[in-house]
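Q: Residues are numbered in my numbering as their position in the sequence shown, beginning at 1, plus a constant of 22.
There may be inaccurate statements among the hints.
Here are the simulated lysine to aspartate or glutamate pairs, EDC-like style, with alpha carbons at most 20 Å apart [as the list claims (entries may be wrong)]: (1) Lys84 / Asp60; (2) Lys67 / Glu103; (3) Lys154 / Glu91; (4) Lys97 / Glu155; (5) Lys399 / Glu285; (6) Lys67 / Glu117; (7) Lys249 / Asp388; (8) Lys249 / Asp300; (9) Lys64 / Glu86; (10) Lys101 / Glu117.
By construction, these hints were calculated from the structure, which means they are not laboratory data. All values derive from a computational prediction rather than experimental measurement.
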Amino acid sequence: MVTSNLYTILVVDDYQNNLFTAKALIEEYIDARVVVADTSTKALKAIMNYPVDLIILDVHMKKEMEGFELAQIIKSRKKTEHIPIVFLTAAYTGEEFKRKGFEIGAVDYLTKPIDDFLLINRINVYLKLIEKERKMNIILQEQTKELKMARDTAEAANEAKDMFLANISHELRTPLNILFGATQTTKYHLENDEVLDREKISAKTKTQIQNCYRLIRLVNNLIDVTKIDSGNFALNISNCNIIEIVEAIVISVVEYAELKNIEIIFDTDVEEVIFACDLDAMERIMLNLLSNAIKFTPKEGNIFVNITTSNNSIQIKVKDSGIGIPQDKHMMIFERFKQADNLLTRSCEGSGIGLNLVKSLIEMHDGTIQVISEYLKGSEFIVKIPICEINEKNNAEKGFLNNSSNVTAKIDVEFSDIYF
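Could you put together the complete structure from these sequences and hints?
A: Have a look at this one:
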């Protein structure tokens, strides 16, 4: 007996006794809902009102229309053409008659008087076929969904590739054009000026150096995101005083902010937090967030850097009074090669890699980053990382000052796409 699903069987016969007998017999042996109809009109209404799986139809009905005509109507409708029909017949048993029924779309004939065992057996056979068809439909739907997801993924990857190529082309072409222009100008002065204007040459050299840093930053970011994707980016974990690291970085970038008359304010509720982290990664995270804050904050603006601790976690906030980010772009800015403003409208340079890399570095420290922002109302980036230490002797004092010789170069690289 088929019991895996509740099926709906429609029995159509213009004799009430036949309907009563068939309904009672089917319900006794098969887990199915049996709907009966003694006219073609009632049968068509039943098909509209119930999800009919199988129709048992008397061929020779005297009311309204006979079985063949009703079957033709059922098979002519797209919503019902799939329903298998088993004809019941007593008067017409010839081969020509049967051929007509099969041409209409019948799947079987049963001759009256009907043997109970034969009827139940035939119904079970068709319900098993229907069950297989259902399972196949489910599989096909899942495969269709998977194919659609694969297509959408491929389209998204293709779109990301196009965006990547557009961004990278722009990021390479812009500094190269500037480098080429500055080099050509310098070459002209060297070849034609009797007295060299050192100030002009120095300005051009500064431009060349800045754009070299910009190219280095782009290449470094591309290399690092590739390493992270392949699992080959390893953190160099050591115990550091995170307060000293962040404060020293903030102090180091103040002179850059002052070029735009931006005030940077640093505040912390603790003076020391020994924290196991990758020092270079933390410096890179902070420099990226600060460079973005300076880049997108107009002159006379403010940047606030605040550190708090709670629930054995450290929270670093970088808040600015800049242009802000629209609500629908909050998640997108952390996607690789995505930016809140596109190539045609953006007012500041950037490859769309920085924040994605920052997010990856923070997540490698088991941390999170989120943004709170409204367009034209500034942005606040919140980094939260669990506080932990590693077993390491004589390391508690290790911090930013140990690497101070590299700080200026790192800032020059990270701030290379800001033109003051």
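Q: All the hints need checking, so say for each whether the structure fits it.
A: A quick look at each hint next to the structure:
Of the pairs offered as hints, the one joining Lys84 and Asp60 holds, with about 10 Å between alpha carbons and a cut-off of 20 Å not exceeded. Between Lys67 and Glu103 the CA atoms are separated by roughly 15 Å; this keeps the pair inside 20 Å, and the hint holds. For the hint linking Lys154 to Glu91, the alpha-carbon distance of about 29 Å lies beyond 20 Å, and the restraint is violated. Of the supplied pair hints, the one linking Lys97 and Glu155 holds, its CA atoms being roughly 18 Å apart against a limit of 20 Å.
As the CA atoms of Lys399 and Glu285 are separated by approximately 17 Å, the hinted pair is consistent with the 20 Å bound. For the proposed pair Lys67 and Glu117, the alpha carbon gap of about 31 Å is over 20 Å, so the pair is violated. With a C-alpha separation of about 18 Å, the suggested pairing of Lys249 with Asp388 holds against the 20 Å cut-off. With a C-alpha separation of about 16 Å, the suggested pair Lys249 and Asp300 falls inside the 20 Å cut-off, and the hint holds.
The hinted pair formed by Lys64 and Glu86 meets the criterion: a straight-line CA distance of about 11 Å does not exceed 20 Å. A threshold of 20 Å between alpha carbons decides the hint, and for Lys101 with Glu117 the separation of about 30 Å lies outside it, so the pair is violated.
When held up to the earlier numbered hints, the structure conflicts with 3, 6 and 10 and fits the remainder.
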